[in-house]
Amino acid sequence: MRRSSFLIGGAAASGLAALGAGSNALAQETITQPFVNGSRPLATFPQKRPLILLTSRPPQLETPFKVFDEGVFTPNDAFFVRWHLAGIPTSVDGRAFRVKVHGLVNRTLELSVDQLRRDFQPVEIPAVCQCSGNSRGFFDPRVPGGQWANGAMGNARWRGARLRDVLARAGVKAGAVQVRFNGLERPVLQTTPDFIKSLDMDVATSPDVLIAYAMNDGPLPLLNGFPVRLVVPGYFATYWVKMLDDVEVIDAVDQNFWMKTAYRIPAAGDGCIKPGQTTPTVPITKMRVRSFITSLADGDQISPGSRRVQGIAFDGGSGIARVDFSADGGATWTQAALGGDYGQYSFRQWSSPLDAQAGQSYRLACRATAHDGSVQTSATCWTPGGYLRNNIESLSVHTS
Amino acid sequence: MRNRSLPGAAASALIAIAALLGFASDSAAGAAPPNPDVTVSVTLPPERQLFKDGPGAGLARANCQTCHSSDYIYTQPPLSKAQWLAEVTKMKNIYGAPLEESQLEPIAAYLVTQNGKT
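Sequence order for the protein chains is A and W.
Sequential numbering from 0 applies to the first sequence in numbering that gives the first Met the number 0.
Sequential numbering from 0 applies to the second sequence in numbering that gives the first Met the number 0.
Source of the hints: derived by calculation from the structure; they are not laboratory data.
Do not take every clue at face value.
[What the hints assert, rightly or not] A short, non-exhaustive set of chain A residues, derived as facing chain W with CB atoms under 7 Å:
| hint | residue |
| --- | --- |
| 1 | 89 |
| 2 | 93 |
| 3 | 94 |
[Stated by the list, open to error] Here are the simulated DSS-like pairs of lysine-lysine, each with C-alpha atoms no more than 25 Å apart in a straight line:
| hint | chain 1 | residue 1 | chain 2 | residue 2 |
| --- | --- | --- | --- | --- |
| 4 | A | 285 | A | 259 |
| 5 | A | 273 | W | 89 |
| 6 | W | 51 | W | 116 |
| 7 | W | 80 | W | 116 |
| 8 | W | 80 | W | 51 |
| 9 | A | 273 | W | 51 |
| 10 | W | 91 | W | 80 |
| 11 | A | 285 | A | 273 |
| 12 | A | 99 | A | 172 |
| 13 | A | 273 | W | 116 |
| 14 | A | 259 | A | 99 |
| 15 | A | 259 | A | 273 |
| 16 | A | 259 | W | 89 |
| 17 | W | 91 | A | 259 |
| 18 | W | 89 | W | 51 |
Glycine included, every Cβ here is placed at the ideal spot set by N, Cα and C.
Whole structure, please, built from the sequences with the hints as guidance.
Right, dumping it as structure tokens:
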């Protein structure tokens, strides 16, 4: 059986899928992000096409932005990678893997991936997964942390079991306050805080939070959390715990480092402050409305004539109501045509005509409005953690 | 339903192949995903060694790289001595790096020579 499946399907179909990095894993080709110290090699990691190498260990890989023009969903082999701690297993047995559900529950569960697939209703949700620090490299003044341009995000169709169905199977006891999530990712030193995230009960038991075992109809790449990860549509990726193997219902607000100290934003107002201000903080949660041009890049030379400029937009879960496009740096706007609607958590593609005259420069910009009424503005948001950037993005193109 | 357009024999063969490939055939939500019941093993590429020689390089190599690759330093924006000292102190106090107090300043001084600003 195994032998013939190997012949039919290749290594992925065999019981052991050994995925090595090629000898040219660290390729010579480099790209330059548009900020100081922005030089990055392209590197090929297992199960991935060449991606922008931010850091090697733990690996952080950014999606080249042109990928977002290929379609509304981000291919698994191009999906960005971000780990916090270097203790990542490089071999995971999907058959032996168990998700333990424990804490303030009537019955402790240890669920195999097969049980998650067969014993619970499968649910599929298209949703954007965006790193909290996406676009941090553009902050002014700069902020220490992972220096991403705009490619620490992706959109996928996530399929899995509802967390609330799993919690119902375990039976949540009275007094539950939060659910705490841990994965196989471990610190190198015992003195380093393990990467653990928690959600309030009302979020954890909302119908769209999944323990996902499939991504765009395939298994999750190991670097994206094989075999299962938490999916929290609308929320920043910090909560989307990879290789999720521990779900604990707790009776108080989690005080661990990754909730109490890290991944926090200013509590007041819209969360944006002036550099140097100090304010009380709260955990980062929902994403803000954003939009990007994907069919052209800053500095592109284009031929004169008519074309459609294409892009994407998304928000924190209300869905995109409209996108406006400007070819004159935001002086005038025209409403763009929206592409297919894959649900309120997905990228929404948009397009708008551009009639380019010879010998001209055009400052192109896009502005998304979400169904909750939030709209992008030209004001930049500054936060101490380098989170929440969502101002109107623009780029220049030139005709010959 | 799923294979309605296919002749019976072809449909059966497809399902058999799907089973061989480890695809579930009974999922309720559209096309069945590949079965994740396999062992996935990967080999990560070697990391970049970027710390250049200079006073303090030995300390940085011996300590910073315990938990992360050296590109974590060089991809940051240029930081001042005070900012690097804050980062190194964070590594000791928050992330538990086994550094002596006396090692913090020399490491920060070295990092400024590598990726610093005044």
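Evaluation of the provided hints:
1. 89: For residue 89 (chain A), the interface hint holds, since the closest Cβ of chain W sits about 5 Å away, which is under 7 Å.
2. 93: Where the cut-off is 7 Å and the nearest Cβ of chain W is about 4 Å from residue 93 (chain A), the hint holds.
3. 94: With Cβ-Cβ at 5 Å, under 7 Å, it holds.
4. A:285 x A:259: 17 Å, holds
5. A:273 x W:89: 23 Å, holds
6. W:51 x W:116: 17 Å, holds
7. W:80 x W:116: 8 Å, holds
8. W:80 x W:51: 18 Å, holds
9. A:273 x W:51: 36 Å, violated
10. W:91 x W:80: 17 Å, holds
11. A:285 x A:273: Holds, at about 21 Å.
12. A:99 x A:172: Between residue 99 (chain A) and residue 172 (chain A) the Cα gap is close to 16 Å, so the pair holds against 25 Å.
13. A:273 x W:116: 22 Å, holds
14. A:259 x A:99: 24 Å, holds
15. A:259 x A:273: This hinted pair holds, its Cα atoms lying about 22 Å apart.
16. A:259 x W:89: With a Cα-Cα distance of about 15 Å, the restraint between residue 259 (chain A) and residue 89 (chain W) holds, given a limit of 25 Å.
17. W:91 x A:259: 18 Å, holds
18. W:89 x W:51: 23 Å, holds
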